[in-house]
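In order, the protein sequences belong to chains A and B. Residues 1 to 540, numbered by my numbering, are exactly what the first sequence covers, in order. Residues 1001 to 1067, numbered by my numbering, are exactly what the second sequence covers, in order.
Don't take each hint at face value.
Taking CB as the label site, the calculated pair distances span [to be verified]:
1. Asp472(A) to Ala1023(B): 34 to 42 Å
2. Arg455(A) to Leu1035(B): 52 to 60 Å
3. Glu266(A) to Ala1060(B): 53 to 61 Å
4. Leu1035(B) to Pro248(A): 47 to 55 Å
5. Ser293(A) to Ala1060(B): 37 to 45 Å
6. Arg456(A) to Ala1023(B): 48 to 56 Å
7. Arg534(A) to Ala1060(B): 36 to 44 Å
8. Leu1053(B) to Phe224(A): 42 to 50 Å
9. Ala393(A) to Ala1011(B): 15 to 23 Å
Far from chain A, by Cβ distances over 10 Å, these chain B residues were calculated [to be verified]:
10. Ala1003
11. Asn1005
12. Ala1037
13. Val1040
14. Leu1041
15. Asn1045
16. Ile1047
17. Asp1049
18. Arg1050
19. Arg1051
20. Val1052
21. Ile1057
Quick caveat, the hints were computed from the structure, so don't treat them as lab data. Owing to the predicted nature of the structure, the values given are computational and were not obtained by experimental measurement. Backbone N, C-alpha and C define an ideal beta-carbon position, used for all residues, glycine too.
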Amino acid sequence: MLQDRYSLAFRLYPYRRSPDQDAPLPVRHPVVVMGGGPIGVATALDLGLQGIPVVVLDDHEGIGMGSRAICFAKRSLEIADRYGCAEPMLAKGVVWNLGKVFHQDRKVYEFNLLPEAGHRFPAFINLQQPYFEKFIVDRVRAVQEQGAPIELRGKNRVDAVTVKDDHVVLEIMTPDGPYRLEADWLIGCDGAGSPLRGMLGLGFEGRVFRDSFLIADIRMTADFPTERWFWFEPSHGSGASTLLHRQPDDTWRVDFQIGWDVDRKEEMKEENIRRRLDAFLGPERPYEIVWSSIYTFQCRRMQKFRNGRVIFAGDAAHQVSPFGARGANSGLQDVDNLGWKLGLVIRGVAPERLLDSYDEERIHGADENILNSTRATDFITPKSTISHVFRNAVLDLAEHYAFARPMVNSGRLSVPCTYDTMSLNGPDALPGGPARSRVGSPCPDAPVGEGFLLRRLGTGFAILTIDAEAPDLIDEDGIVARRVAVSADADPSGALAARYLGSAGSAVYLIRPDQHVAARWDRYDETALRAALRRACARD
Amino acid sequence: MTALNTAPNIADVDDFYAALIGAHEGLSDAESARLNARLVLILANHIGDRRVLDQAIAAAARPGAGQ
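With these hints in hand, go ahead and build the complete structure from the sequences.
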């Protein structure tokens, strides 16, 4: 009745009978999250830390096997840090900066992520997805101890959903049989294959790429440097392209592009995987296969992420090809964007239409990710003869001419989305202010004294003053913004001034709970700040 | 003498590349070859400077020659 579809890396939320299953009438919860993956559990953590009760339902009892997402971007770590779980990720993860691109075994290009100084977190870490998920669940367990109202219910499979005007009714199957729940809000984080999308008859439009990739995670002791290596048309012949990337625990991700018309069952046999690996690594190198999988690429999204009382996030809402690390990283940006908005709406201090801005902002983000990952995929797997000819011309030229190197596209790595010209944005009134911290952008980190700026900003609205005056607290009918006062002198490196002042002498920033800039001025003006605060909550 | 510019010179190069490949969408190989020939001639005329064009021809014929 409840058959596992995959085996578990960590059994973290074993089934326990809930009192809800014995209630005479369905119990109503403010928020139910469908799906206990990284996006679902992070959503619960965000809401739970705000004191909003949330129930996560998952049809398994923990985290699935397999490395899957392995590249986590700085923005994801910054979001996780707001939730209090970034440090173990950073401690376990592998930091890398250098990428090399080869064509027929000749190195044609290398790039350095050139991590800018003055950030708490590196540009990227590599970390197997199960670890990433486990650190989030560990944090949920820690905040539960402190009273955060989060429940994780394993082996609770949602079989049917009825959407009403102001709530949703869920039919749930458990090892003890079915029961029913009601939710004011249902958040669909049930992955790319989203059963919830299917139950509601919602579409998922886009492109499927006609190629498949064999992933093998192997454990070996190798003295390869901690770099991302990508081969176009490697001479070992095991794939039309090959990627090698390091993970923790002496584990390496190898990714072979093996074509569209392959016999999956045949390719997944260990002897066949080994044949490819041996051709790639040479016959002398011992390794152990930890996990393998074959996948195809799709780039698609739902037309709307919010459908009344049902809101989708992560892969359930949008799916991209993996080149560029834009899957899990964009899902976390969804959570970051949705959490505070839903919190304000549930607490009754912001109108429901604030949630429409989640649609506006995250669809913009999804489209940006789909565009970038579609282009990378078209470059890696050219779909016509002429496209292939151009691709190889770029690779030939890149070896000798600088101009062709930026054209080499083995994945444009995830950067956080800037919400330019979106409805929640207030005025950008800081003459000489830097473009990177313009209204709509995610706040760049910067050193402040012994610590870092983003940690100082906290989790609510912030009034960041840099060498400017402002009251310590503004309360606009229940929406509270607290001042964070810093001085450019607090960062002798000059990074804080370069990132927030530009040529201005002082600045006042209104910063949203997701640490995006809502408005900025050269000085404090109470009327303007209150108006921007109302606008950032869709109250105008 | 004007030197051939081999430094990156196109803003949003991914967008340009997509437009270039997009122009070939649905064409046969022969049609694509003709499109490329026309494109080279149009660009060459725009450049005009014969010394630059000669360097470009040499660079394309023998990658590495411009190093």
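Self-check item: Structure versus earlier hints, numbers of those that do not hold, lowest first
Solution: Checked against the structure, the hints that fail are numbers 1, 3, 7, 11, while the rest are satisfied.
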